[in-house]
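Given the coordinates of chain F, work out where chain W should sit on it, guided by the hints.
Top line first, the protein sequences correspond to chains F and W. Using this note's numbering, you'd call the opening residue of the first sequence number 1 and step up by one each time. Using this note's numbering, you'd call the opening residue of the second sequence number 860 and step up by one each time.
In short, the hints are calculated from the structure, not lab data. A hint or two may mislead.
Claimed, not checked - Derived pair list, reagent style SDA-like, types lysine to any residue, alpha-carbon separation capped at 25 angstroms:
1) W:Lys-969 with W:Glu-979
2) F:Lys-751 with F:Leu-456
3) F:Lys-496 with F:Ala-138
4) F:Lys-570 with F:Gly-581
5) W:Lys-1043 with F:Asp-137
6) W:Lys-1041 with F:Tyr-545
7) W:Lys-969 with F:Ala-177
8) F:Lys-231 with F:Ala-110
9) W:Lys-1043 with F:Ala-138
10) W:Lys-1043 with F:Met-135
11) F:Lys-496 with F:Ala-477
12) W:Lys-969 with F:Ala-175
13) W:Lys-909 with W:Glu-895
14) W:Lys-1041 with F:Asp-137
15) F:Lys-496 with F:Lys-751
16) F:Lys-751 with F:Pro-481
17) F:Lys-496 with W:Lys-1041
18) W:Lys-1041 with F:Tyr-134
19) W:Lys-969 with W:Arg-993
20) W:Lys-1041 with F:Ala-175
21) W:Lys-969 with F:Asp-176
22) F:Lys-205 with F:Arg-223
23) W:Lys-1041 with F:Lys-751
24) W:Lys-1041 with F:Gly-131
25) W:Lys-1043 with F:Asp-540
26) W:Lys-1041 with F:Gly-581
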Amino acid sequence: MHAPPSPARAAAPVVRLVRALGARAAARPWVTFLLAGLLILGSALVAARHLAVDTDSSHMLSDRLPHRQRELALNAAFPGLNSRFVVLVDAPDADRADAALARLAAAIAARPQALDDPFAAPLAPFFQRNGLLYMEDAALDSMLAKLSRAGPLLGTLAAEPTLSAFMASLAEGVADADRIAGGPEALARVIAATDATVRARLEGKPRPLAFSTLFADDAGPVRRVLTVQPKLDFTLFQPARPAREALAAAIAEATAAPGLGDVRISVTGDPAMRSEELKSVTEGLGLALVVSLVSVGLLMAVAFRRLALALVALAVVLVALGLAAAFAALAFPALNLVSMAFAVLLTGLGADYAIHLILRMEEPDGDWPTTAADLGLALFLCALTTALGFLAFVPTPFVGMAQLGLIGAFGVFAAFLAAVVLVPAGLALARRRPRPDRQSPELPHAVTRLAFPVLLALLVVAAVAAPRARFETDPMALRDPDAPSVRAFATLFDDKATRPYSASLLVGSEAEAEAAAERLLALPEVDHVVTPRRLLPGEDAAFRYDAIDAVAAGLLPQLQADAPAIDTAKGMAKLETALAGATLPEQVRLRESLAALRAAAARDPGLLAAVERDIFTFWPQTLARLETSLAPDPAPRLQDLPAPLLSRYLNVAGQVRVEIVPVADLRDPAARARFVAAIRTVAPDVAGPVVNLEESGAVIARAMLTATLLALAACGLVLLAVTRDPARTVATLVPVVAAIHLTVGLSALLKLPFNYANVIALPMLLGAGIDSAIHLSARARAAGGTEAALASSTPRAVVFAALTTIAAFGSLMLSAHRGVASIGALLLVALASTTVSTLVLQPRALALAERLAARRGPV
Amino acid sequence: MLHRRHFALGFAALALAAPLAAQDQAFAGEARRFIEGMIAELSAIETKEKDEGRRRAALDAALRQRVALARIGRFMLGASRAQATPAELAEYDRLVPDFILADVRGEIAKLVAQSIAIDEVQTRSARDALVRSRFRRRSGGTVRVDWRVAAGEGQPLQLVDVYVNGVSRFVIRRDEFQALVKAKGMAGLLAELRSGALAGR
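This is chain F alone, in the form it adopts within the complex (with noise of 0.2 angstroms):
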């Protein structure tokens, strides 16, 4: 029989590569690390100038996938559709709401050099004129008959905008409701409007009256929606930054202005969630980043009780880091969220392999061409292994991930070659102090003991835990929850008319399109359907133009007279008459109010004007806004729409897009699956956001799946290439597969499902948990056994590279933004199980190993 030849043969290039790199690098140190010096400022001045950040998930996945290849024809198609601020004004009322979004349109086109084509449906024309054809038809008719009853106040304050006709028109409507004010509700409302505005002016916080309390049946708060393109600059590292550097300056003037105080302005969409995305995932790697070079170096300092040794040792990370930087910077156009997370990443890792060198250098026998010859192949395969687990993403189409795989893969040869280089030099300058204290055997084995029948129990309760864990499909997800665009986002969902979740099908013509929306409503997952002839108020909309034309044949000529209908003078005293015995509690209040206003105004003479301006600040817009909206067109057209608003759904080319609406809230997984499930029924090739949410989970599924096999197949032939020892292989990868175990059924029991940013977990964990094992395994041969190679530095080494792996991957966790928090709590799940599986498992599995190459007999 052929006998396989020794592993220390097999190994020979590599461990002489080592060993000439370590003994030039430590017959020259200050070059060595002069040289160090001047690699890292180089990459880092590569890095700076040219890392860049893609923040859009979707582009994580490859374009010849079919639902990415749909949603690149729906973008071409429609391009911009998710490209825009989405601005949402708040107030409590419409005039307040209307007054703001007014302002904020003209503060917003007063900003072309970074904002472009703002549109917001109530400042449009067509809209103002046609808003009332909209309208569910109850409430409409409920509007148009308080309007109706409105007219003679109405008609008078349009005649003579005074606060002595408004207060005659009160009096008038005191004595009697539906002459005046359209009924005791409505009557009741003007005068508690009324009451406030004179109250505030009196304390001296101004507050404009809302006259659209008079007509609404719901006076509560109202949202206005604008949406702006903002103009990106590509040269920033934040290429939104000018935008929405200008969109806040915009809202700070809307909202600046008189009696707008209390209007909230909040700003949402791709482009503003995205910046603060890229803002929090910067701002948490760069604070995950030092947290993990400081502990890094503190466990550093521990482990080797001397500061030089642990300097040393920041020395290889910087040098990995900032190598892996300037790959990263050159071979990719940008990053993506989930690739930024190398550097942290490779801090953790790049470290293992200066602390293996430097505790064995420590050793008594601990000179460089001995630990080259123990360490240098175990470290060689470490970094292909770290790298293949890495790499498993690259036949996948997560091709965000596969980025990051690459980015790592280089990372980690870079640290590897960087310590075998660094370590020498960097103990030739330190005085070599060997240690005297070596680690005591017995802890680990008093560890391996008590901990294994727990690490059996955990990995039954790991078994029962793992169906449970789930894969979370929604960026939204992971995204900082207290970030303000990502709070106004959820807002969103609070109205079906601005629910963000759609999907949207791609269609020749607009006869297909309303053949599609026809079998799209017959779902019952669907609420709603918009085509462009949809956007047009409906055939039923003749019935409400009847009703609106009847109310302006009645209301305009009102509104249009030269002289108020009523006698208006002394209107102040006409209503303390009108008060003086009323018993509604908004009318006593008034009679207060007004007897409160009379003594002041007797010591100001110009209260009386101020409170004219408070009431009448929204008179013009409410005036001209009734005008337009009681003049609606008998017939709208599509061509008369808004172009902003039809080319989202009509392009040139004649192409259309169906958007089709849920019933439920889709933020439940569930509840979508289901939608997209119904709707591919009658649409297959439907798109939008909403599709790619399930597509998207299902691609990364099965591409993490897949890079886990791949990765512990490429490391199974690693090993056993070099080993060729099955049993010592299968041995090695014995904890590996059960901290995976572990791991799943972890995620579950944490409530810690996995997303599109922590996937990585599991084929890192393959590659960087097969470490440990390697080290063990290789140190029991070249010591002679597994009870030999405990009692060396190794399991020392073992446990400071684990932690300071797990320190570092563990400072993901300070991070605002959740998918980066999440990679590190995953990862620092998956390494804590591996490393207590290695302890635990893998010196049973070697001796195993062992005594089965007993029994076969010496080779």
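What follows is chain W alone, placed relative to chain F:
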């Protein structure tokens, strides 16, 4: 800079506009006469006919000719029409004219007994006008009453709405009908029409 062509276009526009203005004037005159005639006839009935029953019948007969009962009926039902069965619609169409007549009779009878002055006629479209008038109250002050008259192509003029101080009688009724249908369904509205309870409101 103005050219001869611009003047030519201007004259052409004026030439086209002139017949349109004349048409408007003719229709305004027709509308005015329609309302004046109606008020005169109703006023005469109110003054001469002392018997309540006969007066009501005479007023109804006069109004039936002049009020667009079918159009107003359709208008008042609005979008609720879509919720009604054919049988319910047929009953509604049968009941609603009397309801409208009672409603208009009650409103107009009070007005025509008083002094009236027609101020102007505003044409809203080719066959749609608002005749604006003021009634002097016996108790003092004036009430603005606007009469909306319209005619289909080739059809005689009819009264389609009455606005007292700008408030549309039928818009208010339509809101009441919608609320009723929403609360009690079409059957509830028909029951109210049958009982005559709505007319007195």
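Taking the hints in turn, this is what the structure says about them:
Of the supplied pair hints, the one linking Lys-969 (chain W) and Glu-979 (chain W) holds, its CA atoms being roughly 22 angstroms apart against a limit of 25 angstroms. With a C-alpha separation of about 21 angstroms, the suggested pairing of Lys-751 (chain F) with Leu-456 (chain F) holds against the 25 angstroms cut-off. For the suggested pair Lys-496 (chain F) and Ala-138 (chain F), the alpha carbons sit about 19 angstroms apart, so the restraint of at most 25 angstroms is met. Under the criterion of a C-alpha separation no larger than 25 angstroms, the hint pairing Lys-570 (chain F) with Gly-581 (chain F) is consistent with the structure, at around 19 angstroms.
Between Lys-1043 (chain W) and Asp-137 (chain F), the direct Cα distance comes to roughly 16 angstroms. Compliance with the 25 angstroms bound is thereby established for this hinted pair. Distance restraint check for Lys-1041 (chain W) and Tyr-545 (chain F): the Cα-Cα separation of roughly 20 angstroms lies within the 25 angstroms cut-off, and the hinted pair is therefore satisfied. Under the criterion of a C-alpha separation no larger than 25 angstroms, the hint pairing Lys-969 (chain W) with Ala-177 (chain F) is consistent with the structure, at around 20 angstroms. For the hint pairing Lys-231 (chain F) with Ala-110 (chain F), the CA-to-CA distance comes to about 14 angstroms; that is within 25 angstroms, so the pair holds.
As the CA atoms of Lys-1043 (chain W) and Ala-138 (chain F) are separated by approximately 14 angstroms, the hinted pair is consistent with the 25 angstroms bound. As the CA atoms of Lys-1043 (chain W) and Met-135 (chain F) are separated by approximately 22 angstroms, the hinted pair is consistent with the 25 angstroms bound. Between Lys-496 (chain F) and Ala-477 (chain F) the CA atoms are separated by roughly 20 angstroms; this keeps the pair inside 25 angstroms, and the hint holds. Between the alpha carbons of Lys-969 (chain W) and Ala-175 (chain F) the distance comes to roughly 21 angstroms, so the proposed pair stays at or under 25 angstroms and holds.
The suggested pairing of Lys-909 (chain W) with Glu-895 (chain W) holds, with an alpha-carbon distance near 22 angstroms, which does not exceed 25 angstroms. Simply put, Lys-1041 (chain W) and Asp-137 (chain F) have alpha-carbon atoms about 11 angstroms apart, close enough for the 25 angstroms limit, and the pair holds. Proximity of Lys-496 (chain F) to Lys-751 (chain F) is assessed by CA-CA distance (about 30 angstroms); at most 25 angstroms being required, the pair is judged violated. For the hint linking Lys-751 (chain F) to Pro-481 (chain F), the alpha-carbon distance of about 17 angstroms falls within 25 angstroms, and the restraint holds.
The suggested pairing of Lys-496 (chain F) with Lys-1041 (chain W) holds, with an alpha-carbon distance near 23 angstroms, which does not exceed 25 angstroms. A C-alpha spacing of about 19 angstroms is found between Lys-1041 (chain W) and Tyr-134 (chain F), which places the hinted pair at or below 25 angstroms, so the restraint holds. This hinted pair checks out: Lys-969 (chain W) and Arg-993 (chain W) have alpha carbons roughly 13 angstroms apart, not beyond 25 angstroms. A hinted pair counts as satisfied when its Cα atoms are at most 25 angstroms apart, and Lys-1041 (chain W) with Ala-175 (chain F) does not qualify at roughly 32 angstroms.
Proposed proximity of Lys-969 (chain W) and Asp-176 (chain F) is supported: the alpha carbons are some 19 angstroms apart, at most 25 angstroms. Of the pairs offered as hints, the one joining Lys-205 (chain F) and Arg-223 (chain F) holds, with about 23 angstroms between alpha carbons and a cut-off of 25 angstroms not exceeded. Note on Lys-1041 (chain W) and Lys-751 (chain F): the hinted pairing is violated, with a Cα-Cα distance of about 47 angstroms set against a maximum of 25 angstroms. With a C-alpha separation of about 23 angstroms, the suggested pairing of Lys-1041 (chain W) with Gly-131 (chain F) holds against the 25 angstroms cut-off.
Using a Cα cut-off of 25 angstroms, the hinted pair Lys-1043 (chain W) and Asp-540 (chain F) holds, with the two alpha carbons roughly 22 angstroms apart. With a C-alpha separation of about 38 angstroms, the suggested pair Lys-1041 (chain W) and Gly-581 (chain F) falls outside the 25 angstroms cut-off, and the hint is violated.
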